[in-house]
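Protein sequences, first through last, are from chains A and B.
Quick note: the first sequence, position 206, residue 206 per the working numbering, numbers continuous.
Quick note: the second sequence, position 246, residue 662 per the working numbering, numbers continuous.
Read the hints as simulated data drawn from the structure, not as lab findings.
Idealized CB from N, CA, C, for every residue including glycine.
Don't take every hint at face value.
[Said to hold, decoys possible] According to the in silico footprint, chain A covers these stretches of chain B (three or more CB under 8 Å from chain A):
id : region
1  : 576-589
2  : 664-678
[Unchecked claim] Simulated DEER-style distance windows between Cβ atoms:
id : chain 1 : residue 1 : chain 2 : residue 2 : range
3  : A       : Ala-370   : B       : Glu-697   : 29 to 39 Å
4  : B       : Ser-706   : A       : Ala-403   : 48 to 58 Å
5  : A       : Lys-321   : B       : Lys-443   : 31 to 41 Å
6  : A       : Leu-392   : B       : Leu-582   : 25 to 35 Å
7  : B       : Val-842   : A       : Ala-334   : 38 to 48 Å
8  : B       : Ser-711   : A       : Ala-370   : 49 to 59 Å
9  : A       : Pro-131   : B       : Lys-497   : 54 to 64 Å
10 : A       : Pro-326   : B       : Ala-503   : 37 to 47 Å
11 : A       : Leu-366   : B       : Ser-526   : 33 to 43 Å
12 : B       : Val-842   : A       : Leu-366   : 49 to 59 Å
13 : B       : Gly-457   : A       : Ala-370   : 20 to 30 Å
14 : B       : Leu-748   : A       : Lys-379   : 56 to 66 Å
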Amino acid sequence: MSQLKIPSGRKLRLAAFLAVMGPGVIAGLSDDDPAGITTYSQLGAQYGYRMLWTLVVSIIALIIFQDLGARIGVVTRQGLIGLVRQKYGARAGSFSAVALILANLGTMTAEFAGVAAAGQLFGVSRYVTVPITGFFISALVLRGTFKKAERVFFILSAVFISYVIAGFMAHPHWGSAFHGMVVPSMPFNRDAINIATATLGTTLAPWGLAFIQSYAVDKRLTKADLTLLRADVWVGSALTGIIGFFVIITCAATLNHEHITNITDASQAANALQPLAGALAKDIFAVGIIGAALLAASILPLSTAYSVSDLTGSPAALDDKFRDAPLFYMTFAAITIVAGGLIMIPGISLITILISSQVLNAILLLPLLAYMYGIARDKKLMGEYVAGKRSLLLYGLIIAVIAICVLAQFWFIFNL
Amino acid sequence: MKRPSVAPINTVAKRLVGRSDLLISRKSVRESLVSLAGLIGRPVMDPDGREIGKLVDVVVRHGEETYPPVSGLIVKIANHKSFINGARISQLTPSSITLSSTKINLEPFSRRAGESLLDADVLDHQIVDVDGLRVVRTSDLYLAPFNKEVRVVGVDISFVSFLRRLFPGSLSRRPTPDHVIDWASVASLTDSTGVVRTSGTRAALSQLRPADLADLIEDLAGREQGAFVEMLDPELAADALEEMEDDELEGLLRGLSPETSADILSLMEPDESAEVLRDLEDSHRESILSAMESSTAKELRKLVSFDEELAGGIMTTHILVVKATDTVADALQLLVMNMERENSDGVVVVDGKGKLLDHIQILELIAADPKSVLTELIAKPYPTAVTAETPLAEVVEEFSNNRGSSIIVIDEKNKPIGRILADDLVDALSQNRGLFSQGGGTRS
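Input sequences plus hints: build the corresponding full structure.
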């Protein structure tokens with residue numbers, strides 16, 4: 001990760017910021033991972049412009065909670081899971097760790113699904129692409145050559161900016177898009193709730209929250225760095241929102257317009273890029289998916305392993321030996337192997353995995369956000385940065401929205 | 417980040433258990449251990465076995481005693497939290513507490529200085545394992561009756577004990593004494609009222625190498641970090657802080673009181689202190705400097721004002737100056753008085769007006785007749801001297817030309833004001849390069 005290293009006082013503020021492209025931007029761009037792109041594509045294809053407002057809500061939630069995560073990390077200098085253990089005890093700490101692990105496992109599976117789907121666009125079997133990706137990522141991260149590779153992935157995933165151009169070229173109905181952004185409406189059925197929940201879950205991903213906080217702790221950022229870190233979070237979130245917005249309107253203007261309302265494989269999603277790229281649409285889509293998948297897949301197991309060792313009290317790192325941090329490396333391996341293994345189950349639908357993993361994210365977000373809420377209002381932990389009444393109301397409101405989506409989800413599951 | 421290699425936790429525990437002076441190694445204590453984590457939420461009863469309420473927290477008093485005694489219990493009685501004096505405890509079992517009398521004074525709890533709450537402040541919080549050289553979280557604390565009072569005798573930092581707490585019922589309360597570390601060998605860092613000081617810890621910490629101590633400090637979270645540094649002996653803290661990364665040190669100073677910062681920075685090598693101070697915000701720097709002794713503050717102010725790219729910015733002002741008319745014995749005595757400082761490898765000799773004449777190595781002084789006057793020792797090679805405004809590049813050149821281990825810095829009147837050692841130069845150069853090549857660890 002690029003170092004968020006701020007020369008104190010006078011020098012180089014702007015330069016530092018540009019050099020940073022820090023954790024907020026990384027977390028933001030990784031939100032536009034295969035699961036994110038697929039979820040947004042489905043939202044646009046299925047409901048046109050109508051449900052754009054769910055993205056707006058998700059982005060607001062993302063900004064607010066990433067900002068809170070950054071603040072908690074800087075002020076308490078502890079990771080989320082360790083802090084939950086400290087404040088709420090052993091059971092709560094373990095529960096939050098399990099929630100995070102499950103969510104991350106789901107998302108990691110989705111990253112592999114993205115790679116597999118991209119491979120299939122070129123007729124390469126997932127039994128080839130998934131194991132290779134698993135080994136490649138592990139080797140990169142464990143050998144520590146991850147930093148350079150990270151930039152490459154970052155650039156590859158930036159291919160998704162092509163959605164912005166494609167969006168304009170597809171001649172979307174801007175009026176409807178604006179209406180969809182500000183006027184909340186949705187059909188009350190299982191599919192709509194499902195995609196709305198997935199949109200929340202993919203945008204405000206649990207791992208992103210844990211990541212931003214552990215980043216602040218690990219890089220030993222101080223209160224003086226907070227302004228810059230928050231700016232980074234805002235920029236990253238805005239970027240996620242912009243790309244998400246264009247993915248949705250591109251799909252609304254192309255797929256939905258052509259009555260392709262249910263994406264069942266990646267080539268359909270790739271078709272949305274045709275107005276821009278014509279025959280190359282498939283290739284651009286595949287490159288973007290692979291870049292974004294690798295970027296997220298290289299951070300996810302690491303972030304999970306960090307959180308697990310945070311639970312035990314002594315956060316481990318890559319420069320620890322296996323003997324000193326067995327739990328760290330075992331978590332890393334388990335996440336990678338289990339996620340890869342799930343994708344190898346014959347006949348499993350990749351699109352289903354991509355979207356349902358994000359619904360799972362939303363469900364598991366609830367306890368994590370509730371703990372963050374509790375930490376934010378704890379004067380002893382947060383000191384002068386303790387959340388005021390209005391902030392707490394806002395946090396509560398977002399948690400309530402997610403809870404309503406999840407409850408509606410369960411209601412449909414058990415009533416149909 | 418560099419980490420000391422760490423012995424597995426159970427070896428640490430065993431090593432401690434084997435030491436006979438520790439309480440945990442006594443059989444009677446080991447057999448009466450009560451798990452604090454298991455005890456929280458359990459009934460508190462009167463002598464007839466009737467439940468009065470549920471245990472919320474245990475208050476301990478820490479001070480001179482190695483094993484802090486329980487000064488009271490916080491008990492939830494009919495939805496109110498009340499404080500019950502610790503002297504009322506008549507029986508302590510892993511699943512309940514029995515009080516000695518039916519009559520109890522229920523007082524609302526208010527924290528007193530020197531007390532801490534074991535569940536709210538210590539359990540699951542960060543703690544420094546002095547023997548294992550690392551920061552961990554407390555998985556459990558153990559209470560046992562000893563010397564007429566119930567005391568905290570041990571702490572458990574093992575993951576096994578943490579997992580045990582996840583089980584329901586009595587399984588979660590069963591002590592796992594194999595992993596207990598005696599309270600005498602830990603430093604717990606808690607809360608608003610102050611640090612838990614154990615008499616053994618300070619001594620144990622002073623045995624650590626400054627670099628290891630610096631690593632420990634860096635591993636702690638904000639408030640714990642400040643608390644830990646404040647409990648260290650200032651001399652030791654200064655040594656450790658010299659080993660820390662600049663950014664880290666800056667962050668640490670923000671969490672310390674100006675007085676503590678001033679104490680520690682005064683004890684560090686002046687060039688190192690100046691380097692840190694230079695990076696602080698103006699108001700913060702001023703608050704620290706004004707808490708210092710005026711002579712030290714004056715010296716540091718001058719150093720801070722020099723640019724890091726110039727000789728003055730990296731020199732140390734700690735030089736031992738003697739007059740040419742002094743004797744060899746005088747010079748040696750001065751060296752002995754300053755033997756703690758890194759710079760005590762020789763003396764700077766000046767004439768009656770304070771102008772630089774020579775730098776005489778300690779070896780030369782030892783070889784000479786103690787009664788002889790220093791003038792006799794002044795000879796070639798004369799030391800290389802630069803002014804405070806000399807750019808770093810020229811300093812480097814001077815170093816490589818004369819191959820000495822140090823350069824004297826003089827003012828415009830040729831009076832010595834400081835000295836640059838080879839290692840100061842190495843620090844300065846590696847730092848400059850670091851601006852461009854610094855790579856953080858990829859821990860995310």
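A quick look at each hint next to the structure:
no.	hint	verdict
1	576-589	holds (count 3)
2	664-678	holds (count 4)
3	Ala-370(A) with Glu-697(B): 29 to 39 Å	holds (37 Å)
4	Ser-706(B) with Ala-403(A): 48 to 58 Å	holds (53 Å)
5	Lys-321(A) with Lys-443(B): 31 to 41 Å	holds (37 Å)
6	Leu-392(A) with Leu-582(B): 25 to 35 Å	holds (30 Å)
7	Val-842(B) with Ala-334(A): 38 to 48 Å	holds (44 Å)
8	Ser-711(B) with Ala-370(A): 49 to 59 Å	holds (56 Å)
9	Pro-131(A) with Lys-497(B): 54 to 64 Å	holds (57 Å)
10	Pro-326(A) with Ala-503(B): 37 to 47 Å	holds (45 Å)
11	Leu-366(A) with Ser-526(B): 33 to 43 Å	holds (36 Å)
12	Val-842(B) with Leu-366(A): 49 to 59 Å	holds (54 Å)
13	Gly-457(B) with Ala-370(A): 20 to 30 Å	holds (21 Å)
14	Leu-748(B) with Lys-379(A): 56 to 66 Å	holds (58 Å)
When the structure is compared with the earlier hints, no violation turns up for any of them.
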